[in-house]
Amino acid sequence: MTRAVLVDCFSGASGDMLLGALIDVGVSVDDLRQGLSSLPVRGWHLSAEPATQHGLSGTRARVTLDERDQPHRGLPDILAIIRAGQLPEAVAQRAAAVFTRLGEVEAEIHATSVEDVEFHEVGAIDAIVDVVGVVLGLHLLDADWERIMCEGVPLGSGWVRAAHGRLPVPAPATLELVRRAAMPVRGSPGQGDTGELTTPTGAALLTTLTRTGATAAPGHVERVGYGFGTREPAWPNAVRLIVGGIETAATSPVLEGLLADHVVEIQTNLDDATPEELGFAMERLLEAGALDVAFSPLQMKKNRPGVLVRVLGRPADGQRLARLVLEHTSALGVRLQTIERLIARREERTVSTPWGEVRVKVKLLGEAEIVAPEYEDCARVAREAQVALRDVYAAARSNA
Numbered sequence: 000m001t002r003a004v005l006v007d008c009f010s011g012a013s014g015d016m017l018l019g020a021l022i023d024v025g026v027s028v029d030d031l032r033q034g035l036s037s038l039p040v041r042g043w044h045l046s047a048e049p050a051t052q053h054g055l056s057g058t059r060a061r062v063t064l065d066e067r068d069q070p071h072r073g074l075p076d077i078l079a080i081i082r083a084g085q086l087p088e089a090v091a092q093r094a095a096a097v098f099t100r101l102g103e104v105e106a107e108i109h110a111t112s113v114e115d116v117e118f119h120e121v122g123a124i125d126a127i128v129d130v131v132g133v134v135l136g137l138h139l140l141d142a143d144w145e146r147i148m149c150e151g152v153p154l155g156s157g158w159v160r161a162a163h164g165r166l167p168v169p170a171p172a173t174l175e176l177v178r179r180a181a182m183p184v185r186g187s188p189g190q191g192d193t194g195e196l197t198t199p200t201g202a203a204l205l206t207t208l209t210r211t212g213a214t215a216a217p218g219h220v221e222r223v224g225y226g227f228g229t230r231e232p233a234w235p236n237a238v239r240l241i242v243g244g245i246e247t248a249a250t251s252p253v254l255e256g257l258l259a260d261h262v263v264e265i266q267t268n269l270d271d272a273t274p275e276e277l278g279f280a281m282e283r284l285l286e287a288g289a290l291d292v293a294f295s296p297l298q299m300k301k302n303r304p305g306v307l308v309r310v311l312g313r314p315a316d317g318q319r320l321a322r323l324v325l326e327h328t329s330a331l332g333v334r335l336q337t338i339e340r341l342i343a344r345r346e347e348r349t350v351s352t353p354w355g356e357v358r359v360k361v362k363l364l365g366e367a368e369i370v371a372p373e374y375e376d377c378a379r380v381a382r383e384a385q386v387a388l389r390d391v392y393a394a395a396r397s398n399a
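The letter at position 380 of the sequence shown is residue 379 when you use numbering that gives the first Met the number 0, and the numbering goes up by one with no holes.
Take these hints with a grain of salt, some might be off.
Unchecked claim - Here are the in silico distance ranges between beta carbons for each label pair:
1) 315 / 103: 24 to 32 Å
2) 27 / 279: 38 to 46 Å
3) 366 / 332: 26 to 34 Å
4) 82 / 398: 18 to 26 Å
5) 191 / 112: 36 to 44 Å
6) 398 / 49: 37 to 45 Å
7) 71 / 382: 31 to 39 Å
8) 44 / 103: 41 to 49 Å
To be verified - List of simulated lysine to aspartate or glutamate pairs, EDC-like, C-alpha gap at most 20 Å:
9) 360 / 291
10) 360 / 88
11) 362 / 383
12) 362 / 373
13) 362 / 260
Think of the hints as simulated: they come from the structure by calculation, not from any bench. Don't be surprised by glycine CBs; every beta carbon is placed ideally from N, CA and C.
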């Protein structure tokens, strides 16, 4: 059974805090070690110990190294390490996506290319273990990747020491990650200079793996876990995970296990857009949290060929997404309407084929299960085995 997860970052987030919270809700440390040991890096040790701060008890995860001095690794080095591990495909892909997102941000900040970015703190073995460990932990928890939510993070204030010297809090990479994802920012739990609350690693994990923008409330709570950081400020320095049935405030069960909620639809008609402009606008809207972006051909006034732009988003994101449409297209205005949506429950599985493992999405409609293999996985297997794509699809559906 897949689970929904609400990540409550009341005191910010870091890789070790998220890892500790996953262990606190029941993810096995031994299972984490077993999966992580397949990575071609050595000299690290993962441990977990009980921790208590200000009356709250939880878990503190620690990754210790035999040697503190680490080589500077670039994004290609880290992606090669992840690919070389014996990890579930969903874990490897999402861990790679976390580092890729961070690499893109670092490249922009330092005015270089993604390939030439050198990670310093984030490229160390302990950071690699933290990131891959969090993604693996969510997989071991059977988290539904579509229902991992975070309602915002506090960033902190003051200064932090990094490889490049003293930097203002939030660190530039953290701030850029939050900006790109349009992640809501929460107030800090303390007054004055609170220090760094959300680290670049924590921000990369949250902006890659979680969804934001809807008020999430537990439908039924199975487990609650706290993952503590190493600092001990005047408040509990922890991430809280709430695991179980989590529904948006507007979501309710309907016939045959369907869910109903509301989304905002943003529309505009364009008769002077180039394909490149439309493609760029789509990228920015999806980065900002749009649920879907679609273009349809139109015949407009003076017999001009045009395009209908349609964007779907959560109601709380409507005006922000509408502004992005106006910013990245020639539109002078947009139309917004709130519409009801029915959602089928779904889950993701990994199935075996004669040529390798692939992921499939399973749509659940009452007792029926409708299987849709993941194209990228099937295409990769078909290329490697030099077989027809349709054969891989057929095997995946049959074995699901």
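Okay, the hints, checked on the actual structure:
1. Checked against the given bound of 24 to 32 Å, the beta carbons of residue 315 and residue 103, roughly 26 Å apart, stay inside it.
2. For the pair residue 27 and residue 279, the supplied restraint of 38 to 46 Å holds, since their beta-carbon distance comes to about 44 Å.
3. Checking the proposed 26 to 34 Å range against residue 366 and residue 332 shows it is violated: the Cβ atoms sit about 47 Å from each other.
4. For the pair residue 82 and residue 398, the supplied restraint of 18 to 26 Å holds, since their beta-carbon distance comes to about 24 Å.
5. Between residue 191 and residue 112 the CB atoms are about 39 Å apart, so this pair conforms to the stated range of 36 to 44 Å.
6. A C-beta distance of roughly 42 Å is found between residue 398 and residue 49, which places it inside the suggested range of 37 to 45 Å.
7. At roughly 33 Å, the beta carbons of residue 71 and residue 382 sit within the given window of 31 to 39 Å.
8. Checked against the given bound of 41 to 49 Å, the beta carbons of residue 44 and residue 103, roughly 31 Å apart, lie outside it.
9. Between residue 360 and residue 291, the direct Cα distance comes to roughly 18 Å. Compliance with the 20 Å bound is thereby established for this hinted pair.
10. Taken as a hint, the residue 360 and residue 88 pair is honoured in the structure, with Cα atoms around 14 Å apart against an allowance of 20 Å.
11. Proximity of residue 362 to residue 383 is assessed by CA-CA distance (about 28 Å); at most 20 Å being required, the pair is judged violated.
12. A C-alpha spacing of about 13 Å is found between residue 362 and residue 373, which places the hinted pair at or below 20 Å, so the restraint holds.
13. Between residue 362 and residue 260 the CA atoms are separated by roughly 17 Å; this keeps the pair inside 20 Å, and the hint holds.
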